[in-house]
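As given, the protein sequences belong to chains A and B, one line each in that order.
Residue numbers 1 to 101, in the numbering used here, belong to the letters of the first sequence in order.
Residue numbers 1001 to 1180, in the numbering used here, belong to the letters of the second sequence in order.
Simulated from the structure, these hints should not be mistaken for laboratory data.
For each residue, glycine too, the CB sits at the ideal point set by N, CA and C.
Not one of these hints is a red herring.
Each pair of labels, with its calculated beta carbon distance range: (1) G101/A x A1067/B: 47 to 53 Å; (2) G1075/B x S56/A: 24 to 30 Å; (3) R86/A x N1038/B: 17 to 23 Å; (4) L52/A x G1118/B: 14 to 20 Å; (5) Y96/A x F1145/B: 40 to 46 Å; (6) L1157/B x T87/A: 28 to 34 Å; (7) I66/A x V1108/B: 25 to 31 Å; (8) L99/A x Q1089/B: 24 to 30 Å; (9) I66/A x W1119/B: 23 to 29 Å.
To list a few chain A residues with every Cβ distance to chain B over 10 Å, as calculated: (10) Y96; (11) D98; (12) K100; (13) G101.
Here chain A is said to cover these stretches of chain B; the calculated rule only asks that three of the stretch's residues, wherever they fall, bring their Cβ under 8 Å from a Cβ of chain A: (14) 1021–1027; (15) 1048–1059; (16) 1111–1118; (17) 1149–1158.
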Amino acid sequence: MGIEGYLIVSALLFAIGAFGFMARRNAILMLISIELMFNAVNLSLVAFNAFLPPESNAGAVFALMIMAVAAAEVTVGLALVIAIIRTRQTAEVDQYSDLKG
Amino acid sequence: MRSNFRREPSALDISSVLFFLLAAGVVGAGAAVVTLRNIIHSAVAMMICFGSLAGMYALLGAPIVAAAQVLIYLGAISVLILFAIMLTQAGDANLPAPFHRQGPVAVVVALAIMGLVGWAVFQTDWGLAGEAVAAGVEEIANAIFTRYALPFEIISLLLLVAIIGAIYLARRPEEDERAN
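The following block holds chain B by itself, in its conformation from the complex:
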């Protein structure tokens, strides 16, 4: 086993500092999401987590993924979730207990997942992994529209199906009867 942490002589260069700040943002905000009692606060912590992840993608040299993260997760999904919370939660008075009875079991399972993946990461020899290589917008665009053109088209079909399904599910039953 060999560690890449030791390979860089200057541990305090700007990208390492950025990495640790963003990692703290991702993990801290993620922990806040699942522990905060008020679900609105959870949603705001989720937005912080997604924003830190966008920074991490930029740090990894994938600006198009960072831009998509900001557009799709920060822009669309977060707003959708906030709307859903506002439509369904009746004020923040007398909040119920946030966790199930099986909370301790969930902690054990999550720690097991973490331990297993962490063990696998540190057991693997990452000899082939060098420095981070940037994935340019042009190369990704070429890949999407040539090699991955069929999955791209299938995704547009999937999105159409999802839109129709969401509209069908969101319709109120009485509007259904009026239409007939």
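The following block holds chain A by itself, in its conformation from the complex:
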């Protein structure tokens, strides 16, 4: 399988994640959708690293670093979401409308 196959799978996964982030009403599911988009980008980085090998495997190293940053992001993001859900008693993001004029 050539590089196109991997890039198309990556684009599909990114589009699915973007759709989930925009369309779902649950705050935790929005975070999961962000993770899907992270994984889509990781897949394309590893595919580029395999098919067009850069100097010192930059693609695979980038993918590993993105995983670490994603772990940090999901830790803080989930703590924020849990704090919001605890104060508002709902996970529906369209209920968080205090700033609406």
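Assemble chain B onto chain A, guided by the hints.
Showing chain B alone in chain A's frame:
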């Protein structure tokens, strides 16, 4: 434009079969994540998606990335998300409608992203791209600890900040007052 799909004479070798199985796993489970009504089911579909991606990294000849995917995404992030769901969701009775009003617009935007990236992929001449080259553990370790040593250290600082931030955010207000 030239297509690499046609270049391989035997279309049904084992790696192609594996690729299509894993691609079906990634895309199918990903679609299940954003469409399933029960968020626990979504989280389990997310784990299937991450596992298929680990298989894809192994297929691409990057075993260390596959191992990190299993450890970090399947092991840590999925469990964290499942815990968060269990802490916040009150049973699966009377589930609300999963999608916003802007759902159709989101479909259009996602299709536009897909179309744009797909068009770019098929317009590009991948003449330089040959067969997949394996990225060995030793080479990646050498790269991380020599050329990318500074980003590596900055990531450890970032993780420390994230841990402190998460602990601060997760604290209940009444425990705050008791501490003062």
